[in-house]
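S.K.: Below, each chain spelled out in residue letters.
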Amino acid sequence: MEKDMPIFPQEIITSILVRLPVKSLIRFQCVCKSWKNLFRTPSFIAEHLHHSTRQNPLLIVDSDVSGCIPWRLCLLNCEMEVSEFENTHIIDSLMSGCFYCCNHMLCKMSGWLYSSNGLLCVKFSRNSQDHLWLWNPSIRVVRQVPESLNEPKYFSVGFGFSPIIDDYKIVKFFLAGFSVVVQAEVYSLRTGLWRKVEVGNLEGVYDLGCGAFSWNGAIFWIGEKKDVEVHNKSHLELIVSFDIAGEVFTLIPFPTLNSADSCYKRLASFENKLALLFTSDIENSGSWAIDLWVLEECTDPSRERWSWAKIYTSTPNPCWICAEIIWRNEIVCLVEAFEGEEGKVVLCNLTTNEFKPFGCSSRPGILEYVESLVLLDNIHV
Amino acid sequence: MSSSVEAITVLSSDGDEFKITVSAAKLSKPLNWMLEDVCFSDDCDEVPTIEVNSKTLVKVIEYCEKHAPRANSGASDSDAEELKKWDIEFMKMDVKDILFHILMAANYLHMEGLYDLACQTAADLMKGMTVSQIRKIFHIKNDFSSEEQEQLRRQHPGCSFD
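Protein chains in written order, with full-length UniProt numbering: chain A, 1 to 381; chain B, 1 to 162.
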C-alpha cells in the first residue's frame with residue numbers, strides 16, 4: 001500500500017502536522033531533522049496554537065484542597081473528561097522548600113498562576129521575595145523570568161498575549177501602603193527585558209490583586225479608587241485595562257449595581273466582548289444567582305465611551321456558588337466548601353440554564369488553557 | 001455560461017466521464033473559474049479534464065453534492081450537526097491512500113472545507129503512530145546521528161526513535 005503513496009508537497013504535510021496534539025509532535029520530532037526544525041519555527045508554533053485553541057480548549061482546575069505544593073492540577077476537555085495534569089513535578093521541584101504565601105484568601109490560583117495562549121506564568125515566594133516563572137507544561141519547559149529593574153517585596157501581576165505584536169508580556173505593579181499602585185514595569189518575552197511604563201492615570205488606584213484576566217490583546221484587573229467626587233461612598237470600583245501592544249493603561253467604569261459590595265466579581269469574555277460575572281446572594285435569602293454583564297465601547301465622541309448591559313441572569317442556586325469564568329457556552333462556578341463538604345465545580349449552561357456538576361473537587365482556582373509548543377523555539381530569554 | 005445548464009461533465013485523469021451539478025462544482029475555485037470561462041451548452045463538445053483519478057473524483061463529487069446546498073443557502077444548527085456526522089462517516093476510509101489522494105485533490109481543487117476535514121482526519125490517524133510508521137508513509141529517512149538522537153531523548157523523555 002505504501003508504494004502507492006503520493007509524494008506529498010511540504011505544504012500539505014505541514015497542514016496535517018499543525019493539527020496534531022503536542023504529545024505526538026514531541027515524538028515525531030525524531031522523524032527527521034527537517035521536522036524537528038519545522039516544529040521550532042514561530043510560524044508553525046503559531047499555526048499549531050491556532051488549531052489547538054479552536055479544537056481543544058481546556059480548563060485547568062486546581063483540585064488541591066490543602067493549598068500546598070506539590071500541586072494537584074487536573075484538566076477538563078471538551079468531552080467533559082477530567083485528567084491528571086502532567087508534568088507538574090517540574091515546577092514542584094523548583095518550588096520545593098519554598099515558603100508559600102499561603103494565606104488562603106490571597107492564595108487563590110488567579111493570584112499566582114496565570115494562563116495565556118498556551119503559556120503559564122507562575123508567581124511564588126522564596127525568602128519572602130516573589131519570583132516569576134514562565135511554564136509550558138505540554139512541552140515541559142520552565143524558564144525563570146529575569147529580575148525586574150525594581151525588586152520590591154510585594155507586587156501584583158498580570159500576564160497576557162497580543163496577537164498584533166505576537167508577544168507575551170508580564171505586568172508588575174509595585175504597591176505601596178494600602179496596596180496603592182505606585183509604579184509598573186512590563187516584561188516582554190520577545191525582548192527578554194523589563195521596562196518601566198507610565199502609570200500617571202492610575203493615581204489612587206489600589207487593590208489590583210484580585211484575578212488579572214487576559215483577553216483580546218489586553219490584560220484587565222478589577223480595582224478600586226479613592227473617590228473624591230461621590231460623597232456617599234469612600235471608594236469606587238473600576239476596571240484597569242492594559243493594552244499589551246501599546247503599553248497604555250485605561251480606566252473603565254464599573255456597571256451600576258444594587259449590591260456591589262456583597263457580591264463576588266470576576267472578569268471574563270463573552271461573544272467577543274469584555275464581560276463581568278457577579279454572583280450574589282439574592283436578598284440574603286441563601287439562594288445564589290449569577291449576573292452576566294457585557295461592555296460596549298462607543299466610538300461616537302459625543303456619547304459615553306463605555307456602557308454596560310446585563311444580558312443574563314441565572315436561575316437561583318441553593319448552594320453558595322462563585323462564578324469564575326465563561327468556558328464555551330457555560331459559566332464555570334465553584335461551590336464553596338461548607339460544613340464538612342468539599343468544594344466542587346459546577347457548570348451553568350447559558351442556553352439551558354441548568355447547573356451540572358462535574359467530578360472534580362476544587363478550591364478556588366480555574367484557568368483556561370490550551371496545549372501548545374510555545375517556548376520550544378528557544379529564541380527567548 | 002448559459003444559465004440553463006444544471007450539471008456539467010468532467011473527465012478524470014483516467015479518462016472517465018463524471019457529471020457534477022453546477023452548484024456543487026462551485027465549491028471548488030478552479031471549477032468555478034472553469035464554469036465562467038468555458039461554454040457548457042449542449043452544442044459545445046469540450047469536456048474539461050480534472051487531474052484527479054476516478055476513484056478519488058467519485059468521492060470528491062460526493063462531498064461537493066452533499067455540501068453544496070448548505071454552502072449556497074446557509075443552514076440551521078441541526079443541519080450543521082447532521083452534516084458533521086455525515087463528514088465523519090464520509091471520512092471513514094480505512095484505506096489511507098484514498099484519504100491521502102483526497103487531500104491532494106482538495107488542495108489541487110482549492111476546496112477549503114474538504115481540505116480541512118481531510119487534514120484533521122489524517123492527523124487523527126497519525127497521532128497514535130510510531131516514528132517508523134510515519135517515516136514509511138512519508139518516505140522519510142532517519143538523518144539523525146546517534147549523538148543527536150541521544151541528545152533529543154535527554155531533552156524530551158517522551159520521544160522515541162522507533
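Check the hints yourself; a few may be wrong.
Stated by the list, open to error - Label pairs and their calculated CB-CB ranges: (1) B:K84 <-> A:N77: 17 to 25 Å; (2) B:H110 <-> A:D300: 38 to 46 Å; (3) B:E147 <-> A:P163: 32 to 40 Å; (4) A:K226 <-> B:S78: 36 to 44 Å; (5) B:G113 <-> A:Y154: 48 to 56 Å; (6) A:S179 <-> B:D162: 53 to 61 Å; (7) B:S146 <-> A:P163: 50 to 58 Å; (8) A:N77 <-> B:D162: 45 to 53 Å; (9) B:E112 <-> A:K226: 51 to 59 Å; (10) A:T352 <-> B:E6: 27 to 35 Å; (11) A:N56 <-> B:S78: 50 to 58 Å; (12) B:K84 <-> A:H89: 47 to 55 Å; (13) A:R195 <-> B:P30: 44 to 52 Å.
No lab work stands behind these hints, which were simulated from the structure alone.
Glycine is no exception: its CB is placed at the ideal position from the N, C-alpha and C atoms.
S.K.: Each hint: holds or not?
M.R.: Hints, verified against the model:
no., hint, result
1, B:K84 <-> A:N77: 17 to 25 Å, "18 Å, holds"
2, B:H110 <-> A:D300: 38 to 46 Å, "42 Å, holds"
3, B:E147 <-> A:P163: 32 to 40 Å, "39 Å, holds"
4, A:K226 <-> B:S78: 36 to 44 Å, "54 Å, violated"
5, B:G113 <-> A:Y154: 48 to 56 Å, "53 Å, holds"
6, A:S179 <-> B:D162: 53 to 61 Å, "56 Å, holds"
7, B:S146 <-> A:P163: 50 to 58 Å, "41 Å, violated"
8, A:N77 <-> B:D162: 45 to 53 Å, "28 Å, violated"
9, B:E112 <-> A:K226: 51 to 59 Å, "55 Å, holds"
10, A:T352 <-> B:E6: 27 to 35 Å, "43 Å, violated"
11, A:N56 <-> B:S78: 50 to 58 Å, "25 Å, violated"
12, B:K84 <-> A:H89: 47 to 55 Å, "39 Å, violated"
13, A:R195 <-> B:P30: 44 to 52 Å, "51 Å, holds"
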